[in-house]
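J.: What follows is each chain in one-letter form.
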Amino acid sequence: MAIDVREVSKRFGEFPALENVSVEVPTGSLTALLGPSGSGKSTLLRVIAGLERPDHGRVLLDGDDVTKRPPQKRGVGFVFQHYAAFRHMTVYENVAFGLRVQRRPKGETRTRVAELLELVQLDGLAERYPAQLSGGQRQRMGLARALAVEPTVLLLDEPFGALDARVRKELRVWLRRLHDETHTTTLIVTHDQEEAMDVADQIVLMNHGRVEQVAAPRELYDEPANEFVMSFVGPVNRIGGAFVRPHDVELQLQPSDGCEEAMVERLVHLGFEVRVELVRGNGDQFSVQISRDRALELELDRGQIVYVRPLRERTFVTD
Amino acid sequence: MLSRYGLRCFALGYLSLLLLAPLGMVFWRTFEHGFWPAWDSITTSDARHALYLTLLIAAIVVPANTVYGVLCALAIVRGRFPGKGIVNALVDLPLALSPVVVGLALLLLYGRTGWLGPWLTDHGIQVVFALPSLVLATIFVSLPFVVREVVPVLREIGTEQEQAAATLGASRFQTFRKVTLPAIRWGVAYGVVLTMARALGEFGAVSVVSGHIAGKTETMTQYVQAQYEGFNVAGAYAASVLLAILAVITLLAMTLVRRKEETV
Amino acid sequence: MAEPLAAPAPAAVRARSGQSAPGIGIGIATAYLSLIVLLPLAALVWQSQKAGARGFWDAISSPEAVSAIEVTLVASAIVALVNALTGTVIAWVLVRDRFRGKSLVNAVIDLPFALPTIVAGLTLLALYGSQSPVGVNVAFTRAAVVLALLFVTLPFVVRTVQPVLQELDLEMEEAAASLGAHRLEIFRRIVFPNLLPAILSGVALAFTRAIGEFGAIVLISGNLPYKTEVASVFVFSQLESDDISGAAAVSVLLLLISFGILLVIGTVRRYATRHDDA
Numbered sequence: 001m002a003i004d005v006r007e008v009s010k011r012f013g014e015f016p017a018l019e020n021v022s023v024e025v026p027t028g029s030l031t032a033l034l035g036p037s038g039s040g041k042s043t044l045l046r047v048i049a050g051l052e053r054p055d056h057g058r059v060l061l062d063g064d065d066v067t068k069r070p071p072q073k074r075g076v077g078f079v080f081q082h083y084a085a086f087r088h089m090t091v092y093e094n095v096a097f098g099l100r101v102q103r104r105p106k107g108e109t110r111t112r113v114a115e116l117l118e119l120v121q122l123d124g125l126a127e128r129y130p131a132q133l134s135g136g137q138r139q140r141m142g143l144a145r146a147l148a149v150e151p152t153v154l155l156l157d158e159p160f161g162a163l164d165a166r167v168r169k170e171l172r173v174w175l176r177r178l179h180d181e182t183h184t185t186t187l188i189v190t191h192d193q194e195e196a197m198d199v200a201d202q203i204v205l206m207n208h209g210r211v212e213q214v215a216a217p218r219e220l221y222d223e224p225a226n227e228f229v230m231s232f233v234g235p236v237n238r239i240g241g242a243f244v245r246p247h248d249v250e251l252q253l254q255p256s257d258g259c260e261e262a263m264v265e266r267l268v269h270l271g272f273e274v275r276v277e278l279v280r281g282n283g284d285q286f287s288v289q290i291s292r293d294r295a296l297e298l299e300l301d302r303g304q305i306v307y308v309r310p311l312r313e314r315t316f317v318t319d
Numbered sequence: 001m002l003s004r005y006g007l008r009c010f011a012l013g014y015l016s017l018l019l020l021a022p023l024g025m026v027f028w029r030t031f032e033h034g035f036w037p038a039w040d041s042i043t044t045s046d047a048r049h050a051l052y053l054t055l056l057i058a059a060i061v062v063p064a065n066t067v068y069g070v071l072c073a074l075a076i077v078r079g080r081f082p083g084k085g086i087v088n089a090l091v092d093l094p095l096a097l098s099p100v101v102v103g104l105a106l107l108l109l110y111g112r113t114g115w116l117g118p119w120l121t122d123h124g125i126q127v128v129f130a131l132p133s134l135v136l137a138t139i140f141v142s143l144p145f146v147v148r149e150v151v152p153v154l155r156e157i158g159t160e161q162e163q164a165a166a167t168l169g170a171s172r173f174q175t176f177r178k179v180t181l182p183a184i185r186w187g188v189a190y191g192v193v194l195t196m197a198r199a200l201g202e203f204g205a206v207s208v209v210s211g212h213i214a215g216k217t218e219t220m221t222q223y224v225q226a227q228y229e230g231f232n233v234a235g236a237y238a239a240s241v242l243l244a245i246l247a248v249i250t251l252l253a254m255t256l257v258r259r260k261e262e263t264v
Numbered sequence: 001m002a003e004p005l006a007a008p009a010p011a012a013v014r015a016r017s018g019q020s021a022p023g024i025g026i027g028i029a030t031a032y033l034s035l036i037v038l039l040p041l042a043a044l045v046w047q048s049q050k051a052g053a054r055g056f057w058d059a060i061s062s063p064e065a066v067s068a069i070e071v072t073l074v075a076s077a078i079v080a081l082v083n084a085l086t087g088t089v090i091a092w093v094l095v096r097d098r099f100r101g102k103s104l105v106n107a108v109i110d111l112p113f114a115l116p117t118i119v120a121g122l123t124l125l126a127l128y129g130s131q132s133p134v135g136v137n138v139a140f141t142r143a144a145v146v147l148a149l150l151f152v153t154l155p156f157v158v159r160t161v162q163p164v165l166q167e168l169d170l171e172m173e174e175a176a177a178s179l180g181a182h183r184l185e186i187f188r189r190i191v192f193p194n195l196l197p198a199i200l201s202g203v204a205l206a207f208t209r210a211i212g213e214f215g216a217i218v219l220i221s222g223n224l225p226y227k228t229e230v231a232s233v234f235v236f237s238q239l240e241s242d243d244i245s246g247a248a249a250v251s252v253l254l255l256l257i258s259f260g261i262l263l264v265i266g267t268v269r270r271y272a273t274r275h276d277d278a
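Chains as they are written, first to last, in the working numbering: chain X, 1 to 319; chain S, 1 to 264; chain R, 1 to 278.
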């Protein structure tokens, strides 16, 4: 177990950022800490890095209890949302920083930095200053810098949050490829569920300082542990006491067993899918997602009466 | 964490030994024998005249430099004319000059043997060794403050608000009065406080140009020196305390205005 | 006649409000400046060269002049360096530390700006002069000159470093920590290089102020020629003995030194900030 967090709690004044959180991150995996703002995911990451001290609980890295150790001695690499670039140093000096601190011989440093710059596709920019780089380039530099000291664990705090959508998607793919090459245990914090599902082997979903569920993306989507998880990772309809995904609803023009009547209020064409917004007899609104072909087949129109039946629904026992 | 306390102690200790303890000492010495002896020292006719003169000079200098400061700041930030950079540099010049040098320069222009000397004598105008030179010297040394406080504020607020006012039909003067002036008021206020403090405290330049005639051209600061050198230490301390109190009031004003600037 | 409401209007508006200081304002600004600042300085420079280059050189190389200038430069240099250290420490404490009364301390820093220089000198004399209750007597020594200069130059480095320290990205320090640097190394490699330009600015301002200081020094130093007489006091005494040209020459020398320092520091600063949006 590369990272083992045991019953960690942390308060900031009156605010409980983490409440009795326990998480295990397998060695070599890429795990995402997912959750809305204020869920505690960044705090947890910083506690693992040693940038925050927990009030209770322990943090173990590769079996070692590092709870009382400062960040210098934990062997973690940290990547910041706003890059934290050393603005007074060139790209080369930024990436070489950790190696210089360790007093590695100059030749060794030069080789390693060159390797890393090539890896992150910044070769040729070594003598530039961060102010001359784009956001995406600065973040790649941040990654190279963190990897330079061969950390046992790589921690990324919303690394793509400050970048625009297109760059974000590119870097996401790039990060996954990088991980597949280096196999460093990676923990990434994000509030974007699409990003988490795209990139991670395992997702830790958090809310209000607690862990709601830990699972692989598919399991998280198909077998959510509670209402929060279900509605966070995808759109959901609440029908009576049950929860149904919009694409788990069957739409028919003729009534049949177990069907309910509903009226089409609006059709939204999302490219390859069509979202049909419906209203039930009792006034409840919900939506169904069907493929474009099926929508053409049914020739749906506003005001039309159709018959719906949930194919798969989940109920949660609230305690 | 030890170093945190260490640094704090060093900083506070340094400030106490250098600023606070000496100031406290003067207050102590002044009121050592009670309030009334100090009061007596500060109400002699020479002292009263010195105070009157100092306040009179300030009353002329502060408004003059304020008006000038705002105009100059507008010219520097909004104006388009050749030599703008030179004006900007010249405005900062008084801060780099020794006050004695300032006094000498004024003497060389307005003194009896100076460039304007003969012309002034011919017209019976007495500048040096009289109030006008004191005013000129004080204007010189306190010139930059309002300008330097208003320039960054003007730069920051930009021209958009003024342009909006123009499209709504406001004349240039109306725009200035109703849009520009309110926007820069705390910058102006801070500059005024600094100008005032500088005007009250000026010593070197006025020492050169005043001729130091007690009861006529002696300012409060010169009075302090004269009393001390005349072995009237009590009088010097009492006058210093008065000036120090004015300084503390200045500090308070600075803090209050700074806070206002931040919340706007 | 109808006003054009389309494209022409913005240009007209721009031209009008671009000069909310009308030509008169600019005229006043420059006239005031000339009368008050430029003309007197011109008269000074003219006077300094009235006796020719030889006269200028003689005035500034007389033994007393040389001594006064030396005392001034040495004391100012010491003070500038001391301020580089103490100013940074004080700014650090004001920005990074938290304790009761901190805002009061912050206000006190400006005391040397608000207090008349003659009073500053007198307060130092009261505590560190012949009547000192703690037995420390520096009156009539060069130490007194340094002490007085430390007082008046206190705020400069503090106030230039404070805002920079405030804006400094703490995450840079956290990044350095995660990469293995311990506290002193973080200061040396990360914080200090980013503070250096501001420290240099403050040092330049402090030095320039120090070489011209007069009021704070007159009482406590005793103005002893060849011992504690500083350049500004020397100029004053030359005036009193009617050596106007000599006084003017030394004054112009001081001016040139100030400009020289500002120029040098400006260049060093530009080098130190070459990484900014280059």
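Bear in mind the hints are in silico, worked out from the structure with no lab data behind them. All values reported here derive from a predicted model rather than from experimental measurement. We treat Cβ as the ideally placed atom computed from N, Cα and C, and that holds for glycine. Heads up, some of the hints might be wrong.
Some chain S residues flagged as far from chain R (calculated, every beta-carbon gap over 10 Å) [claimed, not checked]:
(1) W36
(2) W119
(3) P132
(4) K178
(5) F203
(6) Q222
Cβ pair distances, simulated, as ranges [stated by the list, open to error]:
(7) N88(S) with W174(X): 42 to 52 Å
(8) F15(X) with T263(S): 20 to 30 Å
(9) F187(R) with K73(X): 36 to 46 Å
(10) T263(S) with D64(X): 15 to 25 Å
(11) H33(S) with D58(R): 46 to 56 Å
(12) T182(X) with S16(S): 50 to 60 Å
J.: Taking the hints in turn, state whether each one holds.
T.: We went through each hint and held it up to the structure:
Once the 10 Å rule is applied to beta carbons, W36(S) is consistent with being away from chain R; the minimum gap is 21 Å. Look at W119(S): its CB is around 13 Å from the nearest CB on chain R, clear of 10 Å, so calling it non-interface holds up. Every Cβ of chain R is farther than 10 Å from the Cβ of P132(S); the closest lies at roughly 12 Å, confirming the non-interface assignment. The beta carbon of K178(S) sits about 12 Å from the closest Cβ of chain R, which is more than 10 Å, so the claim that it is off the interface holds.
Against the 10 Å criterion, F203(S) falls within the reach of chain R, whose nearest CB is about 4 Å from its own CB. Taking the minimum C-beta to C-beta distance to chain R, about 8 Å, the non-interface status of Q222(S) is violated against the 10 Å cut. About 48 Å separates the C-beta atoms of N88(S) and W174(X), a value consistent with the hinted range of 42 to 52 Å. Remark: the range hint 20 to 30 Å for F15(X) to T263(S) is upheld by a beta-carbon distance near 25 Å.
For F187(R) paired with K73(X), a C-beta distance near 18 Å fails the hint of 36 to 46 Å. Taking 15 to 25 Å as the suggested C-beta distance range, the pair T263(S) and D64(X) does not conform, at roughly 49 Å. Taking the beta carbon of each, H33(S) and D58(R) are about 52 Å apart, inside 46 to 56 Å as hinted. In this structure, T182(X) and S16(S) meet the distance hint of 50 to 60 Å, their C-beta atoms being roughly 56 Å apart.
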